[in-house]
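Peer 1: Read top to bottom, the protein sequences are chains F and U.
Heads up: the first sequence begins at 1 in this note's numbering, then just goes up one per residue.
Heads up: the second sequence begins at 200 in this note's numbering, then just goes up one per residue.
Note that these hints are calculated values from the structure, not bench results.
There's no promise every hint is true.
Chain U residues, not near chain F, derived (Cβ > 12 angstroms throughout) [stated by the list, open to error]: (1) G241; (2) Q289; (3) N294; (4) V378; (5) M424.
Using C-beta positions, here's what the derived DEER-type ranges look like [to be verified]: (6) F/R189 x U/S406: 23 to 33 angstroms; (7) F/S97 x U/M200: 24 to 34 angstroms; (8) F/I166 x U/A299: 41 to 51 angstroms; (9) F/A91 x U/G265: 48 to 58 angstroms; (10) U/K291 x F/S106: 37 to 47 angstroms; (11) F/I154 x U/D292: 39 to 49 angstroms; (12) U/A299 x F/K104: 42 to 52 angstroms; (13) F/G68 x U/E362: 49 to 59 angstroms; (14) F/E108 x U/K232: 48 to 58 angstroms; (15) U/A299 x F/H176: 45 to 55 angstroms; (16) F/S97 x U/V266: 39 to 49 angstroms; (17) F/K104 x U/L242: 25 to 35 angstroms.
One side only, chain U facing chain F, incomplete, derived with CB under 8 angstroms [said to hold, decoys possible]: (18) R349; (19) D352; (20) R353; (21) I355; (22) G356; (23) G381; (24) I390.
Even glycine gets a Cβ: it sits at the ideal position worked out from N, Cα and C.
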Amino acid sequence: MEFKGLKKGLYAVYKGTGGFEDFIGALEAKLNSSGDFFTGAYVAGVYGIELDEIEEDILAQILQERYGIKTKRPLSGKNGPPGMDGSGEMATRFVYSTLRSGQKVSYEGNVVVMGDVNAGAEVEAGGSIVVMGTLRGSVKAGVPDNNDATVSAILLKPTQLRIGSIVVRWPDEERHIEEPEIAYVEQGRMYVRSVYDVK
Amino acid sequence: MGEVIVITSGKGGVGKTTATANIGTALAVNGKKVVLVDADIGLRNLDVVMGLENRIVYDVVDVVEGVCRLRQALIKDKRYPDMFLLPAAQTKDKNAVSPAQMQELCERLKQEFDFVIIDCPAGIEQGFKNAIAGADSAIVVTTPEISAVRDADRIIGLLEASELRNPKLLVNRVRIDMVKKGDMMNTEDMIDILAIDLLGVVPDDESIVVSTNRGEPAVGDNKSMAGKAFNNIALRILGNEVPFLDLEVDEGFILKLIRLISNKK
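So here's chain F without its partners, still in its complex pose (with noise of 0.2 angstroms):
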């Protein structure tokens, strides 16, 4: 059992795979080794977990009563919070400016850059990258080996890509896009198309 902070609450992630009585336990016992950590606080979502109606008047209850948590229904049955793809879930680091040859960010979590990567700069960052303009430089994306990380950017044209353990060399020829573009690696292989075709 996990908590993840989210603009629009907490969500409770259950990794386990019994039912709903080991959820509850797991939950208690999360909540119970936390002290009052999560008093006051407002869990928004459960994934990992489908509870119909009752399950949840229950969970609501226990929640509220014993631990003055607050929740907002339904509670399953959602998509997971945003990016439970193993980078969604990390801390963010924004880099206001454009990064020039040389010049290199690393960081654990995601990274955003909000200008242009510049060929011979380098974003190195443990989850995904976001380029909120020309990406021409080397990014390595789930540093050590996370391949669920993503690379995109208004404008994807890297000399290098890596995302976990797969690296690319860009292709040569030049290419005409006018949309945004993400790349990911599924199934060992890197893709990239443009942000609106990614569900």
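Following the hints, complete the assembly by docking chain U onto the known chain F.
Peer 2: Structure of chain U alone, referenced to chain F:
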């Protein structure tokens, strides 16, 4: 209080010294009090390009070390109303001066001159750090080559890190015929990558070679396209709106033929 402008590039051989000499001269011709400072200690060139080599007695290191007074080291260029050169030392190296000393020197020069133009050495080491230490603004020189643009990008990053924001771009040695054929980067490509304001575009011009060897800046030559471009750059520095030169050289086959025939007569 004057303005200290450093002319820099990262890469060598793109025309920093030529730009310094010509922009400085053009500013002086336009009635400004100008001093050119050669910060390339150990590899001085600016004096040669200006044709003032034989008048050097003291240099910038002598000034900084207190061997002479600032006045004594300044060489007056008699061809122009108010232009001076502070030459670099040739027998020392970049470590002979510190950034703090350069800063102090610039402060002193600023009191007396409208423009202090510093010719920065190539590279990003001590010499670069010295040259930019006292500068108020920077001009980044590049040529339409990937390598030069890459270095310019690096330099812009280093300038920004040293609080020298909004440097201006000078694209040197452009050959319009090659740009048209797609064999040379065009200015838009460079501005797209570097994302800084364009100060001027200087065409590749044989007259620069001649003027450099003679020690006479090309801005004095009315027929020189490069000279005109440098003059326009100076005017822009002075706050004038000057349209960019039409570097059109493609005159078509017939015109070329006519020119060829008329030249032969």
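Peer 1: If a hint holds in the structure, say so; if it doesn't, say that too.
Peer 2: Checked hints:
1. G241: 24 angstroms, holds
2. Q289: Non-interface label on U/Q289 holds, nearest chain F Cβ at 30 angstroms vs cutoff 12 angstroms.
3. N294: 23 angstroms, holds
4. V378: Non-interface label on U/V378 holds, nearest chain F Cβ at 17 angstroms vs cutoff 12 angstroms.
5. M424: Given that every Cβ of chain F is farther than 12 angstroms from that of U/M424, nearest at about 31 angstroms, it holds.
6. F/R189 x U/S406: 23 to 33 angstroms: About 56 angstroms separates the Cβ atoms of F/R189 and U/S406, which means 23 to 33 angstroms is violated.
7. F/S97 x U/M200: 24 to 34 angstroms: 30 angstroms, holds
8. F/I166 x U/A299: 41 to 51 angstroms: 49 angstroms, holds
9. F/A91 x U/G265: 48 to 58 angstroms: Cβ of F/A91 to Cβ of U/G265: about 54 angstroms, so the range 48 to 58 angstroms holds.
10. U/K291 x F/S106: 37 to 47 angstroms: 39 angstroms, holds
11. F/I154 x U/D292: 39 to 49 angstroms: At roughly 45 angstroms between Cβ atoms, U/D292 and F/I154 fall inside 39 to 49 angstroms, so the hint holds.
12. U/A299 x F/K104: 42 to 52 angstroms: 28 angstroms, violated
13. F/G68 x U/E362: 49 to 59 angstroms: 50 angstroms, holds
14. F/E108 x U/K232: 48 to 58 angstroms: 55 angstroms, holds
15. U/A299 x F/H176: 45 to 55 angstroms: 51 angstroms, holds
16. F/S97 x U/V266: 39 to 49 angstroms: This hint holds: roughly 43 angstroms between Cβ atoms.
17. F/K104 x U/L242: 25 to 35 angstroms: 30 angstroms, holds
18. R349: 5 angstroms, holds
19. D352: It holds, given that the least Cβ distance between U/D352 and chain F is near 4 angstroms, below 8 angstroms.
20. R353: 4 angstroms, holds
21. I355: 6 angstroms, holds
22. G356: Hint on U/G356: holds, closest Cβ of chain F at ~3 angstroms, below 8 angstroms.
23. G381: 11 angstroms, violated
24. I390: 12 angstroms, violated
The earlier numbered hints that this structure contradicts are 6, 12, 23 and 24.
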